[in-house]
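Asks: Protein chains in written order, with our numbering: chain A, 74 to 383; chain B, 183 to 322.
Mixed in with the good hints there might be a few duds.
So the derived label-pair ranges between C-beta atoms look like this [what the hints assert, rightly or not]:
#1 Q296/A to P286/B: 33 to 41 Å
#2 H325/A to A291/B: 52 to 60 Å
#3 P263/B to E101/A: 32 to 40 Å
#4 N259/B to H325/A: 47 to 55 Å
#5 K212/B to G281/A: 42 to 50 Å
#6 A363/A to T192/B: 46 to 54 Å
#7 E235/B to S142/A: 17 to 25 Å
Note that these hints are calculated values from the structure, not bench results.
For glycine and all other residues, C-beta sits at the position ideal for the given N, C-alpha and C.
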Amino acid sequence: MSLGKDILQGDRRALARALTLVENQMPEADEIVREVFGHTGRAIVVGITGAPGVGKSTLVDRLTGHFLSLGRQVGVLAVDPSSPFSGGALLGDRVRMEGRGSVVFMRSLAARGHLGGLARATPRAIQLLEAAGKDLILLETVGAGQSEVDVMGYADTTVVVVVPGLGDDVQAFKAGILEIGDVFVVNKADRPGADQTMRELRQMLSLGPRKAWQPPVLAAKAQSGEGIEEIAAAVLQHKDSAERNPEVGTRHVREAERFLRQALADQLVAHAVARAKAAGRWESLVEDVARRRKDPVWAAKELEGGEERE
Amino acid sequence: MTETSDAEATRPIRVLVGKPGLDGHDRGAKVVARALRDAGMEVIYTGLHQTPEEIVEAALQEDVDVVGLSILSGAHNTLVPRVLELLRQQGMEDVRVMVGGIVPEEDAAELRRLGVVAVFGPGTETEEIVRFTRSCARGA
Ligand code: B12
Ligand SMILES: Nc1nc2c(ncn2[C@@H]2O[C@H](COP(=O)(O)OP(=O)(O)OP(=O)(O)O)[C@@H](O)[C@H]2O)c(=O)[nH]1
Ligand SMILES: [Mg+2]
Numbered sequence: 074m075s076l077g078k079d080i081l082q083g084d085r086r087a088l089a090r091a092l093t094l095v096e097n098q099m100p101e102a103d104e105i106v107r108e109v110f111g112h113t114g115r116a117i118v119v120g121i122t123g124a125p126g127v128g129k130s131t132l133v134d135r136l137t138g139h140f141l142s143l144g145r146q147v148g149v150l151a152v153d154p155s156s157p158f159s160g161g162a163l164l165g166d167r168v169r170m171e172g173r174g175s176v177v178f179m180r181s182l183a184a185r186g187h188l189g190g191l192a193r194a195t196p197r198a199i200q201l202l203e204a205a206g207k208d209l210i211l212l213e214t215v216g217a218g219q220s221e222v223d224v225m226g227y228a229d230t231t232v233v234v235v236v237p238g239l240g241d242d243v244q245a246f247k248a249g250i251l252e253i254g255d256v257f258v259v260n261k262a263d264r265p266g267a268d269q270t271m272r273e274l275r276q277m278l279s280l281g282p283r284k285a286w287q288p289p290v291l292a293a294k295a296q297s298g299e300g301i302e303e304i305a306a307a308v309l310q311h312k313d314s315a316e317r318n319p320e321v322g323t324r325h326v327r328e329a330e331r332f333l334r335q336a337l338a339d340q341l342v343a344h345a346v347a348r349a350k351a352a353g354r355w356e357s358l359v360e361d362v363a364r365r366r367k368d369p370v371w372a373a374k375e376l377e378g379g380e381e382r383e
Numbered sequence: 183m184t185e186t187s188d189a190e191a192t193r194p195i196r197v198l199v200g201k202p203g204l205d206g207h208d209r210g211a212k213v214v215a216r217a218l219r220d221a222g223m224e225v226i227y228t229g230l231h232q233t234p235e236e237i238v239e240a241a242l243q244e245d246v247d248v249v250g251l252s253i254l255s256g257a258h259n260t261l262v263p264r265v266l267e268l269l270r271q272q273g274m275e276d277v278r279v280m281v282g283g284i285v286p287e288e289d290a291a292e293l294r295r296l297g298v299v300a301v302f303g304p305g306t307e308t309e310e311i312v313r314f315t316r317s318c319a320r321g322a
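Between the sequences and the hints, there should be enough to build the whole structure, so can you do that?
Replies: Here's what the structure looks like:
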């Protein structure tokens, strides 16, 4: 029995279990990812980000319905913050999802202390969904402020959601969140001030350098389902544009080097720590750093130098 | 670091808290969901008006250790056996099911006989629920 093969055959329970192994960073996860990696990289990954409560989950639900009607196999990943005190998390994004049975696979991920608006397991979770045959993945970030911009590194297209009436709008459109958007959505357009927010947003975007892809600004009423088709169309257009324009670039180019660096860093660190422990040097170095006798960079260099001499 | 806190950090208990049926009393479910979160668990809250089918599919996809059902409508005698049956159909007998809300004692006894691990009524201390959830998830 191999979880990887079961996932490739579309076994949902195997997929769910593998996601847990990946989240918990269990050694078995490495095997599973190795088994399925050749079948990954095929989905369109759409990131949905924006401040808490702007309607990301509602939008994800409506986009799910729309992409299903286009014949897509939809997977959903929704990340929520973990409590820094207890480590627990309340994962509530399912509340907005309409029941669609087993047609849609949705997984809630706790950020588990990972910064940047996503969970550490996100890239592997995407790969597992792809291996299970999902060809369109909606990725909801934690309610993001200004620095939770990791999503652009993992998504083909990043949708930034804002709402009218945030008071000082310029505040809401600070750098970071403005730069990562491929598509902008002014949600809750049933509320007053939507036109003004759209105008201001367009103006802010027009100040930037002219790029091969100019991010559209679209109005939506996610709750009643208005504007969903336009958002979906813009997402697919952006994907086409990325494929035709090397300047826009697909996520595969962006992520391949990062995957490799991350994997290498993990392995080198694990190896170095294990060696230092075996040589009985780890505890004393930690102690030295804790007592401020050595700074961490120096301690790390000493460890590396020590290994070279061996 | 103790055994439990280590497990808690690397392998948090995942619990689904769901409200099957048409009952709109969601205070208890929210109180329990919060208490479990504050005890370090990852709690998937599904919201109101879920069918047993939806709850079991969510439990499958989220790979939870425990399913908690909150029912104050009196419909527990039909909803809970259905959830248990669907879990069995999916081969998910290892997932523990607990129930909270308004359940008369004779019904609670029957639900336990069918496989529910515990039934909690009004006024239960959340500490007790946390303790129980942790022991039945880790003891599985
Ligand atoms: C507040 C309340 C309401 C509020 C609900 C607000 C809300 N958003 O939740 C309102 C006013 C809306 C309401 C409406 C109704 N209510 Co009312 N309501 C109550 C009341 C007074 C308290 C419930 C409550 O919130 N308790 C506080 C929470 C914290 O306690 P709890 O839910 O019991 O949860 C605890 C445990 O049960 C357990 N638990 C609960 N869930 C879970 C889940 C898990 C996983 C676990 C482990 C444990 C657990 O742990 C919690 C902590 O101890 C109860 C009476 C009572 N004393 O219980 C009646 C009661 C539940 N309501 C009742 C009725 C009949 C109704 C109505 C039908 C009245 C009507 N005719 O219109 C409507 C129906 C509404 C609907 N759509 O379903 C009846 C139900 C009778 C029955 N089941 O046989 C009750 C019992 C009153 C009575 N004695 O008749 N109600
Ligand atoms: N008026 C109005 N309300 C909406 C609209 N879309 C969503 N909402 C409401 O906004 C609230 C938050 O919606 P969610 O979809 O949960 O928002 P979210 O961004 O996912 O929230 P977090 O995940 O907590 O950051 C809910 O009460 C929705 O019903 C809309 O178009 N108009
Ligand atoms: Mg949400």
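Asks: Now tell me, hint by hint, if it's right for this structure.
Replies: The hints, checked one at a time:
1. Q296/A to P286/B: 33 to 41 Å: Holds - the Cβ-Cβ distance for Q296/A and P286/B, about 39 Å, lies within 33 to 41 Å.
2. H325/A to A291/B: 52 to 60 Å: holds (58 Å)
3. P263/B to E101/A: 32 to 40 Å: holds (35 Å)
4. N259/B to H325/A: 47 to 55 Å: holds (53 Å)
5. K212/B to G281/A: 42 to 50 Å: Distance hint for K212/B, G281/A holds at roughly 43 Å.
6. A363/A to T192/B: 46 to 54 Å: Check failed, 23 Å falls outside 46 to 54 Å.
7. E235/B to S142/A: 17 to 25 Å: holds (22 Å)
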